[in-house]
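Hey, can you work out the whole structure from these sequences and the hints?
Residue numbers (this note's numbering), protein chains in the order written: chain A, 187 to 432; chain B, 187 to 432; chain C, 187 to 432.
Check before you lean on any hint, since a few could be wrong.
When chains are identical, the list treats them as one kind, so a pair holds in a single copy or across two.
Claimed, not checked - Calculated pairs, BS3-like style, for lysine-lysine (alpha carbon to alpha carbon, straight line, at most 25 Å):
{"id": "1", "residue 1": "K319", "residue 2": "K288"}
{"id": "2", "residue 1": "K388", "residue 2": "K261"}
{"id": "3", "residue 1": "K268", "residue 2": "K388"}
{"id": "4", "residue 1": "K410", "residue 2": "K308"}
These are calculated hints, taken from the structure and not from any lab test.
Computed from a predicted model, the values in this text were never measured in an experiment.
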Amino acid sequence: MKLTLAEPKYLKESISIISDLVNEARFKVTKESIELVAMDPANVAMVIFKLLSSTFTEYDIKKDVEIAINLNNLKQIMRRAKPNDMLTLELDPDNKLIIRLKGNNVRTFNLPIIELDEKEQKIPELKFSVSVKVPSAVLNEAVEDVDIVAESVAFIAQDKEFTISAEGDLSQAKVEMKEGDDIKIKANDKARAKYSVEYLKKMISGSKIADEVSIYFSTDYPLKLEYKTVDKVMLSFILAPRVEND
Amino acid sequence: MKLTLAEPKYLKESISIISDLVNEARFKVTKESIELVAMDPANVAMVIFKLLSSTFTEYDIKKDVEIAINLNNLKQIMRRAKPNDMLTLELDPDNKLIIRLKGNNVRTFNLPIIELDEKEQKIPELKFSVSVKVPSAVLNEAVEDVDIVAESVAFIAQDKEFTISAEGDLSQAKVEMKEGDDIKIKANDKARAKYSVEYLKKMISGSKIADEVSIYFSTDYPLKLEYKTVDKVMLSFILAPRVEND
Amino acid sequence: MKLTLAEPKYLKESISIISDLVNEARFKVTKESIELVAMDPANVAMVIFKLLSSTFTEYDIKKDVEIAINLNNLKQIMRRAKPNDMLTLELDPDNKLIIRLKGNNVRTFNLPIIELDEKEQKIPELKFSVSVKVPSAVLNEAVEDVDIVAESVAFIAQDKEFTISAEGDLSQAKVEMKEGDDIKIKANDKARAKYSVEYLKKMISGSKIADEVSIYFSTDYPLKLEYKTVDKVMLSFILAPRVEND
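Here's what the structure looks like:
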């Protein structure tokens, strides 16, 4: 296996975001992509990450491979990648992942492949009554707005309106969005569900890899956030709802 | 009551500075201005804040109102205001202060009005023998200079000279200013008084709302710092002196 | 004694770096330079600092002087120097070091001269088999690269190649440099020695005063790093090796 990225940004940022939710995970490397599906330790959130082979300048793989790795260790190495470094991933015979960064000089890191008992995660099939598309920065601002009053937040949609709302013991916050040039809202029915602000704050870092985010939810049903750059990368999150009387 | 600011900066920065000194306070809203007079919990410093109605793009008030509020909570909301947001303050029937930020979308916060037992603070009548006007940045630098050697600092003036001086156990620091293009010094007599550096460090944040500061003091007498932007905002502080043998 | 610097940067940055390694030290002021030679408290690293008289705009000294001082206190004062301040050093009759910063106004600090029992440090005579010259930024990056896997690092050179390599419990990192336009490598024999990353991280701050660094070492022998700006300043470090089975 030898995979080379001329633009390490997508891998670097994604690993940094994912490692905030998951400690250890298994990458599946196939002809089409590098893929990761993992649950956070509390079983509240799922991360789905796909980096397409078309993002790579070199993508040489004989057969499908699974690579389980400690994401924090990988993140620390990824942080050392500068925007213009050529990043190469290889497997060495001793069961190590070799990460090579080539800029003015060559820096080589290797990381042990770990054993993961955990069985493969299945992506649940979900049907959502609401879909919203907004600039990533708008969702970021909204989550930070409501964060100052409460730990859980309601996502509410009806017709062409989408509201994020939170109630603290004494204070309230509410962010209202309407269909417009850069905001698309489709709500089949009125829908309302509550989610953890703590998890949302980790997920909105997806804004680092895509300028837009797709938001999907239904009443008292999981939320899905999807950050996507066409032909390159997809990072999405599924978050369990909080029951109304949290 | 409905008050709208097109430029939330003055309110935002002032609340942030005041909340460093005072936890809860009462705003008086009159035809002319929003005003706050409060003592810090240790009774060492007084804050006087006035935001003139001319700063507002909409200033609709039927009768004078008093609004007591937790300043930390208010500060957290104010922080969410971006420079070009329209900020609207309203009172709702349930005794809440409604703060609306309007940018690309509308964000609404509300905060409970609290009960404040504390009686109204009177601004003391003070006569000073020294008045100095300097760029705010100059006072900031001077306070930071003396901060490295001691916890209390002497303000000394004579004729056209103004000195800020501090003595630690072993080290000393002294900043000397002379009348000049951007420094005006008027000292009727030689004057000298000592003040707490810790309080001064909080007060000099007034530099965020005005480029100049007026400094008033007399021998062993309170200090007054005044930050003012004409027709808009005035933030001033009165600080009790430290006795010479501190 | 009266010494004036129009450009306080070299003194300011050097003191900041040295104070990370040494708490108290003795400066020797001679006709040629201000010089400091000091060991860190653990006796693992030596600092040699020389600020040439040609750096000063005024360098008035009747006879050689020794000034022992607390470097942390000096650093705090130096931090207050702005890039264009005129910095003057004087000795007052009461055995204090007077530091005057002259910008728009005059700020005067004084610091007690301390007693240092410690005898004068001698610079050891060292012969190195390897000498390498690289841009300071390259050494900085390399030390930060290996820092993520281990606490000690091997410096290895052979012919025209210089490698910095580290092995953690599970991970490895290796930075390879080759002779090139801005990298000069001279290795008489193959050499390999290990050094503490913690100390190296403090020393590479020398990059603040020079764009290039000279690296000297031999097998299981001390390391010398030298940061130099011609006719102005020299800051060098000698670091004891770690035994191979650390």
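In rising order, the numbers of the hints this structure does not comply with: No numbers; nothing is violated.
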